[in-house]
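Knowing the structure of chain C, use the given hints to seat chain H on it.
In the order they appear, the protein sequences are chains C and H. Quick note: the first sequence uses UniProt numbering, first residue 1, plus one each step. Quick note: the second sequence uses UniProt numbering, first residue 1, plus one each step.
Hints may be right or wrong, so weigh each one.
Residues from chain C that face chain H, not an exhaustive set, calculated with beta carbons under 10 Å [unchecked claim]:
no. : residue
1   : I35
2   : I95
3   : L109
4   : R126
5   : Q130
6   : I146
7   : D321
8   : G325
Far from chain H, some chain C residues (derived; all Cβ distances over 12 Å) [what the hints assert, rightly or not]:
no. : residue
9   : N62
10  : Q103
11  : T134
12  : R373
13  : T522
14  : E581
15  : V583
A few chain C residues facing chain H, derived, Cβ under 8 Å [said to hold, decoys possible]:
no. : residue
16  : L3
17  : L7
18  : T10
19  : L11
20  : Q67
21  : E68
22  : L70
23  : L71
24  : P72
25  : F97
26  : S98
27  : E309
28  : V310
29  : P466
Keep in mind the hints are simulated off the structure, nothing from the lab. Nothing here was measured: the structure is a model prediction, and the numbers come from that model. Ideal Cβ placement from N, Cα and C applies to all residues, glycine included.
Below, each chain spelled out in residue letters.
2 protein chains.
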Amino acid sequence: MRLSQMLLVTLREDPAEAEIPSHKLLVRAGYIRRIGSGVYAYLPLMWRVLQKVSQIVREEMNATGAQECLLPQLQPSDLWKESGRWDTYTKAEGIMFSLIDRQDRELGLGPTHEEVITAIAREMIRSYRQLPQTLYQIQTKFRDEIRPRFGLMRGREFIMKDAYSFDADEAAMSESYQKMNQAYHNILRRCGLKFRAVDADSGAIGGSGSQEFMVLADAGEDEILYTDDGKYAANVEKAVSMPPDVEPSPFETYEKRETPGTETIEKVCKFLNCSPTNLVKNVLYQAVFDSGTTALILVHIRGDQGVNEVKLQNELVKLADHYGGKTIVSLTVPDADAQQKWAAKSLPLGYISPALSDDYIQSQKDVAPKFIRLADHTVADLQNFVTGADQSGYHVVGANWGAQFQKPSLVVDVRKATVGDRALHDPNQTLQTARGIEIGHIFQLGTKYSKALGATYTNEQGDEIPLAMGCYGVGVSRLAQSAVEQSYDKDGIIWSVAIAPYHAVVVIPNVGDAAQVAAAETLYAELNQAGVETLLDDRNERAGVKFKDSELIGIPYRVVTGKALNNGKVEVVKRATKETEEVAIAEVVSTLKHWIMDATQ
Amino acid sequence: MRLSQMLLVTLREDPAEAEIPSHKLLVRAGYIRRIGSGVYAYLPLMWRVLQKVSQIVREEMNATGAQECLLPQLQPSDLWKESGRWDTYTKAEGIMFSLIDRQDRELGLGPTHEEVITAIAREMIRSYRQLPQTLYQIQTKFRDEIRPRFGLMRGREFIMKDAYSFDADEAAMSESYQKMNQAYHNILRRCGLKFRAVDADSGAIGGSGSQEFMVLADAGEDEILYTDDGKYAANVEKAVSMPPDVEPSPFETYEKRETPGTETIEKVCKFLNCSPTNLVKNVLYQAVFDSGTTALILVHIRGDQGVNEVKLQNELVKLADHYGGKTIVSLTVPDADAQQKWAAKSLPLGYISPALSDDYIQSQKDVAPKFIRLADHTVADLQNFVTGADQSGYHVVGANWGAQFQKPSLVVDVRKATVGDRALHDPNQTLQTARGIEIGHIFQLGTKYSKALGATYTNEQGDEIPLAMGCYGVGVSRLAQSAVEQSYDKDGIIWSVAIAPYHAVVVIPNVGDAAQVAAAETLYAELNQAGVETLLDDRNERAGVKFKDSELIGIPYRVVTGKALNNGKVEVVKRATKETEEVAIAEVVSTLKHWIMDATQ
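Bound conformation, chain C alone (with noise of 0.2 Å):
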């Protein structure tokens, strides 16, 4: 493509809606042009990009065997009653577009296609001689986000690939999901990006298992915590780790102490010289489930520990069958509002007690008429603790489970890890951190979706069985951005040779020399057939305009002919390093499709 011909546009400063410097330089570099709220324009540079992704995560789906279709974005509600999601998604959350045609039928605009596909299953998978079967997809998906924001990172209309496996049991789908594992590896590593697997919540899937693929970023919005053996990686919100030993505790008797002004852990240890470690922390929540029922939650966990609200939020939905529900809608931090509220209906904040007083449960049963008592593993075995004395100004010292206070029932893991953390796997190593980008999730379903709908199989013996499945995430418009996130310097984007629109620009300093005209519609044109995706910059612009266009857009190689054309040369730049020499113009299009051999090995 000739640039003179090509609706190209960058600008000079960044747009007023980019807060993070991938999404300034997409809109610098006129890759993409805001719409709407969280809707772009993919322009012609950006298109490129996209379907080099494309190709490359294609590629990677065939070779495990993936069929690939399309499925309808204008989804039936019926589907998503069937699995009991319609509510979730349109009303609860809130996140899936849904409409009314013109026969008054409601429709929800795809975020993901469980539902269509395992109906598309329950038709077509009818024996055991069929499987194992997947399918996937690249389409256009929507989310009505609740703040899109980061241009293509949070979207409300993006680019996924989903995949589909449909397999006879538990340990075929695992294959297929190994299959799948091995294929987003695969993917990352050709696009050529810095990324860490990690375990990972399943959320609003569900499902048994499930890890995330995080492109490392500091604008990421997950943190990560691994170990740098490389054996341990999660998203913080699904993290495990050995919490820091205890130290002893300094009370051999059980005791009621005044503790004046002293609501904070910190404030308690210093006053009665204790560690973090010897206190048990009482923490209230309040969750609504989808039956409607609310619940006062109480959960107990060490003093320097903190409560992974996504944990226990799984904990709950867990008990959801015995509040006549499947999941929890709303599970409300105790901020500074709601401490308020409760401080009002005189509890002693700060102060609470293991065992919550019946006053306070009581005087709650208007508004959260359940009650449920969760305890982190950190203090089940904890002895001679500190704890709240359920009154204001005072905590216990020298407590004991089984004596002073009941026993909890339910022990849990609730607990946040952090960095610094001892892994699991191993104690010498510690817990580092990092920001990611997720742009991948791959889920172990089983067969919550093929029960819901009645997608079975008939076995060699004869029995309908429901089928096993996996789900298969990438985003591909975000992996794009994500790449730039990941590489960039002060002149622009730096795209690895794979993910390129186009590998290299025949810039021509003066279009008033004959010399570098002919010279550069050569090369264009001799390195375009050897392909070598080029653009000809042959703009009516000052050098110094091209030059810097180039770095902006972030083209692996620039080729010019300049002054070196009198010794039968032209120059040669790489964008990454900006390392430049000379090569004899016989040569450039075997130098140049050597590079890109090996950067894309």
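Here is chain H on its own, set in the frame of chain C:
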């Protein structure tokens, strides 16, 4: 791909939902599955066909210098309000799905992209130096069809290629249009389709001229009129022709005659012993302008001719600004119901005169305050004609404009051209008729959208000039199905080689025969290696089932590793003709490569 591993389910029975052959075949052969009304899943075979068609479209677009991009499907209502189409598209015609997001903003789901692309051009194109530009995308689009049917032919979600050109003036726009016209011819030829490019009505898109590309098929929803010399073809909605000659009027003097029971042209001609060409027929309509104004419309047309309501609608739109609007939102055909209502208001139906009585016009003021009178060219010069007397059971004969009736001031073409009419370009050519499926439509838009949205550029003289636009659509998914509608037999689909999902299928008649399996596996590998896209039917099924499936699916070449193996040969069957020949195993690859090259030139 091995059929043993592919999700392929073929059906013996025609699906109940399908009316036309191509729809039945695509469902039976496992290409598509219905997910909801007008909404289909494209299964792996279909997806390959769609990719083939898309790639041909892409290559031909790129050859014109057009640049591929991808625009959002979610479109802010603001842009459609700027162009004045929001209400027409979401309410009056209601073909655009609309929805409300969580911030209570209105969004439309794009059925077309003039607004979005013009908004981009407005921001990006500033100077004549950037022109011309053509952008295109291949994308899923949405229409809330009143009656979705015929599978992919009239779906609510479908794949389109849409392109938009931006030029400095009408002359340059016309050049861009001609390039696209040529590209469209190339696309259809390469897809192996029999088609016609026809003059077309521009409809709701607007602009000064347009052509439709019609795939010829009996099930087509459109009627085409054309001449055998290839010089004229038009959609019947737009077609023009010479009307038959007028026969001499048998009436030389004006007279009112009693003509009892002659409400139809046929009856009055018989009664008065004259030709229908001697009659002026007066037809009533009711039109509602977007300004809210309703008008009573009286059309004069020759007795042997019919009114083309699309042409009438276009003439009325030209008058819209007199009535404070831009377009008309409904044109009521005088159906039985309306006629009864009118009869109740003492209108002598069947005997209306060109001078519609003031009494009647007055009586309609409450429902239709405006009155518009239009004459078709066929009656402009008619002399001594017969027409209604505005009294039930009476006609007048020997009437003349300027004598008994006021000469019509608006003389226009609202006549329906019909098969057998003489062509305008050559009276020796008569119009022929054919049915077609509209798969493409190209428009010279002019400045309609650029003026509405303020998309201008600065010319060499420094003046701000609105961009001259064209827009160009191909229904990719509709094209794929129309190819089936044009090419099938009792056994199934007959794909052209260029868009078949695979070129060849190697069938193992008996998977228990090691020699058959070995030969097939070798050929399967060699063919794919040589770029012949090949399936392997290695299923444990009877040979008959496999042959039937390969014919139903419509793979162009079938290679059978059967009895001929004994002579070092395989049987190769051409799907289209069922010709069978034995080919030496060593020559299969080169033979098929030659055939494919010949078929896709």
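- Task: Run the structure past the numbered hints and jot down the numbers of the failing ones, going up.
- Result: Those not satisfied are hints 7, 8, 9, 10, 11, 16, 18, 19, 27, 28, 29.
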